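If you read the sequences in order, they're chains A and B.
The opening position of the first sequence corresponds to residue 1 in my numbering, with each subsequent residue numbered one higher.
The opening position of the second sequence corresponds to residue 1001 in my numbering, with each subsequent residue numbered one higher.
Since the hints were made in silico from the structure, they are not lab data.
Treat the hints with care, as some may be off.
Said to hold, decoys possible - Label pairs and their in silico Cβ distance ranges:
(1) Glu1243/B / Val78/A: 17 to 25 Å
(2) Glu96/A / Asp1233/B: 39 to 47 Å
(3) Leu1248/B / Asp148/A: 43 to 51 Å
(4) Val1169/B / Gly193/A: 52 to 60 Å
Quick caveat: nothing in here was measured; it's all calculated off a predicted structure.
For every residue, glycine included, the Cβ atom is placed at its ideal position computed from N, Cα and C.
Chain residues, written in single-letter form:
2 protein chains.
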Amino acid sequence: MQANGLIVQLLLTGNEIMSGDTIDSNSALIARRLDELAVPVLRKVTVGDDVALLRRELAAMAADADLVIVNGGLGPTVDDLTAEVLAAVAGVPLQEHPQALEHLRQWCGRRNLQLNAANRKQAMLPAGCDIVDNPIGSAVGFAMRVGDCRVICTPGVPGELAAMLDDIVAELATGLPGAGRSHVLRLQTFGLGESTAQQMISDACDSWPDEVELGFRAGAPQMEIKLTVRGEDDLPARQQCREQLQALFGDHIIGEGDTGLAQAVLQLLRDRGATLTTAESCTGGLIASMLTAVPGSSDAFHAGFVTYDNAIKASVLGVSEQSLATAGAVSEEVVLQMARGALQRAGADYAIAVSGIAGPDGGSPDKPVGTVWLAWGNAARMRTRCLHWPVERTLFQTMIAAAGLDMIRRQLLDIEEEPRYFAQRAARGG
Amino acid sequence: MQANGLIVQLLLTGNEIMSGDTIDSNSALIARRLDELAVPVLRKVTVGDDVALLRRELAAMAADADLVIVNGGLGPTVDDLTAEVLAAVAGVPLQEHPQALEHLRQWCGRRNLQLNAANRKQAMLPAGCDIVDNPIGSAVGFAMRVGDCRVICTPGVPGELAAMLDDIVAELATGLPGAGRSHVLRLQTFGLGESTAQQMISDACDSWPDEVELGFRAGAPQMEIKLTVRGEDDLPARQQCREQLQALFGDHIIGEGDTGLAQAVLQLLRDRGATLTTAESCTGGLIASMLTAVPGSSDAFHAGFVTYDNAIKASVLGVSEQSLATAGAVSEEVVLQMARGALQRAGADYAIAVSGIAGPDGGSPDKPVGTVWLAWGNAARMRTRCLHWPVERTLFQTMIAAAGLDMIRRQLLDIEEEPRYFAQRAARGG
């Protein structure tokens, strides 16, 4: 594993992590970024905001490791102790760092905030440390040697950590041999479970090459498949595996890297000069929100309708009162009228319409919680489907919003084959 | 902190956690359950599936702690090492445990599976250990003393761990004095930063009682303030602190427990028999999505409009073409017309309208990225405000959506005082 022999440990601090109030995603983020350099994390330790505990852990780590990344405890409050702890372990005083102070002044200035005593504490750093720029937040990172170990202190706010890791990874990369760099290919999928994917690969691939490491990261709504090789010589083997996965999972692969469903759909629309609109009942604006979270989405998304109530489905989208009364809001004819109404109202080329029962209440024997009708397409070709996806409310909304986007993606790509989840999530009689 | 003096440590094992492919939520689950007993977790260590590393950590922990909970490594595969490691540290052999074997037989039987060698490995446990039942999965938990320390080994599958924790917590509770139970009060706030809140408390409260632990959890959009006491005798002191915080932060406190802004607004609307609609440009459906994520939101939210494009603002909400052309989409007159148009279209009592520049592109010298106009109110009283909140796109959308909900909350509560963020986030000329 340690192609380059570097011993790396992480020290995480925070009462909110120890108490379980916050789930630590930062150490995963750090590990993933270091993995790009084929630098595995050997060990991580988490303690609360306690000077004595932190000192003991940091001193032990610095004696053992080549690199220690400390995460958390850079904030302005009294329970933010990282600078004090590092100074004590390194045997240097805390002093006001001019570069950190200037960063704080500018940060406060941009926000029309007074630089108060609490903020000013964030400039009190171990004497002789280097600054790691924080492009987002008030707390700069800082780094220094303790014996033979480099200690880098990073902020606990995930967005700030992520922004800072680019610099840290770039700095580390310059010190490592090129052959030790790992080459990671990430494939984004929708509609596959981790165990299904693993089983399909085991069944189909007799001889998976040892040098291509296979990993999965199950998320909602997407699942990532990761192919890692540890040197350039292994890139052809990785490419072969890539092709095997393409043959196996085909149209369930949305794209490479960080591609999200909304981003993929918007790009396909943009390429075709087309626009999309949404008519949402049970997903309540989530599809629109996923689309508009992508920068530049206004090119292809102009309007969305959240028609949560039957009267609104009729007045805004022109759904017939009779269909609502006889077939009910969660029905093929209503969801079709919602899609056609939205197309017309928005003057859009494509529409997604969704009507279902997100729960926990509102289910009935013939339409249990988790039942949903989807319609998608354009004026020339509008299709529908009923699914039954009985999971917790917000997960249901997430998966159904993603399914709607996936349907449009498939239509834009002229994929006629049905996704696996149509069979797995088929509604009774749907 | 440790009212009952128990020292508890966690040892987590798993290559998938070390690599960052899986985010560890198990340790948070364990910590939260132990917190019910006022038993804080002092320290947690995570390492990969490596016998030597695991032995070293477990031996060190067992020497220091009263209780060690090990999580992960109970499965059937070769990299599941926990039983082997505990046996080595305790100095006992592994042997087939009849109760574990019987559990496996029944588990396989219910699934029509053959009990294979891989499964059978899960019955090989340290000699003399106790079994902890696993009501869900194939791997039983097990526990034994190592010196003065009790070591409990639990499965890494979150659902199995959760099921097993009921028994573990019940067992621990019988050994603890009732007075040691902790009492946690959580306050949800919007519009306060962690450092501002800390500073305000430091400035205002000369004598904060030692027995009331104060904690902050900064999230987006809300910040939680947590007051913890370790026994019933300290409840009056906690109540005094609660009142001090109320006096300090007043209307920035949304509610107690897990109350979210959307939930609070929906409850206020429900109490008044009123409905709310949304007209969103730069937040792109996020306000509607936040509202409809709450079960039962259909009581008070019937319709939302995502009018991302100028033509749609005109055709759907009746915004005048002239206002759009002269004042621009991000202007007071347009956002007012959006709110009034949505009120009318939806037949709702209250409306929130938002139009701004989420970025990263689209800014101009007089309307830089982060500029946003908000309108909120009812037909009788509609108010507007321009803010400048220059943060990353999705964080901007989150904070502005929350600000819109907060404005309606304040109006429904007849709060006339302006929130602190109006001054902090004031736009030039806004």
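The hints, checked one at a time:
no.: 1; hint: Glu1243/B / Val78/A: 17 to 25 Å; in the structure: holds (22 Å)
no.: 2; hint: Glu96/A / Asp1233/B: 39 to 47 Å; in the structure: holds (43 Å)
no.: 3; hint: Leu1248/B / Asp148/A: 43 to 51 Å; in the structure: holds (48 Å)
no.: 4; hint: Val1169/B / Gly193/A: 52 to 60 Å; in the structure: violated (31 Å)
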